[in-house]
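Protein chains: 2
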Amino acid sequence: MKNIKLTIEYEGTNYSGWQKQENAITIQEKIEEAIEKATKEKVKLIGSGRTDGKVHALGQVANFLTSSNIPGEKYKYALKFLLPEDITIIESEEVDLKFHSRFDAIKKRYKYIVYNGELPRAIYRNFSYHVPYDIDIDEMFHASKYLIGTHDFATFMAANSDVNSTIRTIYNISIERNKDLIEFNIEGNSFLRNMVRIIVGTLLYVGYGKIKKQDIPKIILDRRREGAGPTAPPQGLFLEKVFYNP
Amino acid sequence: MKNIKLTIEYEGTNYSGWQKQENAITIQEKIEEAIEKATKEKVKLIGSGRTDGKVHALGQVANFLTSSNIPGEKYKYALKFLLPEDITIIESEEVDLKFHSRFDAIKKRYKYIVYNGELPRAIYRNFSYHVPYDIDIDEMFHASKYLIGTHDFATFMAANSDVNSTIRTIYNISIERNKDLIEFNIEGNSFLRNMVRIIVGTLLYVGYGKIKKQDIPKIILDRRREGAGPTAPPQGLFLEKVFYNP
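Taken in order, these protein sequences are the chains called A and B. At position 121 of the first sequence the residue is numbered 121 (full-length UniProt numbering), and the sequence of numbers has no breaks. At position 173 of the second sequence the residue is numbered 173 (full-length UniProt numbering), and the sequence of numbers has no breaks.
These are calculated hints, taken from the structure and not from any lab test. No false leads were slipped in.
Identical copies carry no separate label here, and so any pair may be met within one copy or between two of them.
Simulated pairs of lysine-lysine, DSS-like, Cα-Cα distance not exceeding 25 Å:
| # | residue 1 | residue 2 |
| --- | --- | --- |
| 1 | Lys179 | Lys76 |
| 2 | Lys179 | Lys80 |
| 3 | Lys76 | Lys40 |
| 4 | Lys80 | Lys54 |
| 5 | Lys44 | Lys20 |
| 6 | Lys20 | Lys107 |
| 7 | Lys111 | Lys179 |
| 8 | Lys107 | Lys44 |
| 9 | Lys40 | Lys2 |
| 10 | Lys179 | Lys74 |
| 11 | Lys20 | Lys42 |
My request is simple: use the sequences and hints to build the entire structure.
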């Protein structure tokens, strides 16, 4: 038996997210189908976590067990012609049988792109959130500092999520403007459902003055989803990298 | 009567190019339909030039005559909800009745993106040409110098094109690598059919050693399409800007 680790890039535009489900086209399902064609085996692909519909990944990680003798590093080539063009395997390797892409992940980095021009742009439409308002980056930067560290992030979780604990650690948030693009980078040990998108939606509310930056600590403590800003839309979000112990 | 100038961004992926034609969905047709909805008039939209299917534009320019009293600067808003999301008007203004977006263009700038990684990438697939070979940028740079200036570019024209003259002037070609992306920028007074894509295809052949840089002058002089490299595929090409006298 071999345990194969895949690093995956995808454009989420045409998918109902990562996780397999009835009556919807998902990324997990497409990759499992491709692996089954390559290995002639049914496999269960374990992702590092779900991504929602229209969310992209530059470095999603997943693993599967197989008795196929295809060498680990060959999967990136073997799957190339078995996958649709909007899903690509950028790395593949055989790893220890104990490796589990979800349980062993120690850190994740997400990127969120806001396009801050007046009018929509054709080229960016599936890869950014178009915000035509004035955004104060400085205010967002100061607000983001309150989120760094270990907190109960219940405020920043999709309603009706079912989790054991809402305690998470955010290591870093950076916000950079490059002309009319604003890029958020958020690193944490793990994320609740919609957490990155609610954080971005809340920081943007600070950026255009609908929430005061000094209210963020209270918004965290209140543990009420309604206290935060809206969930920023999925197409601006990229799962950039999943980190593991070496 | 008013003459309205539009500056247009589009993703060409889902279109058979700019120019209206039977049994194909084109960008010109989509914009004419949107203008007709806004003005309640049939209009003829004059583009600065055609772009092929799957080619993108960051700053295509077009103009049309109308008796509508919609102020020129309002079209960018008026057309916003009448156009598909992959076509956006980034600027609109009323111009002199004599302005003609094709005849008056004095310079055009195109960008061509090559993705030079080993394996295909999902996110770049519609916006770049995937070349997995080693490419020598220096060789391409030296080869590009022979193309600068006023030449007969018959070699670099799609076969069977019907034009009065194949003399064109190239003002500048820049080639820059940023990690595994290579960006070509080409400026000229006007371009023959497929000229930018054949230039890029030829420079890439120099870059991986299939054509010697010192053979470029003879390839130009021979006026034989077969002497040049292949036509680089459309999805890497962007019409970036069309220039007019102020």
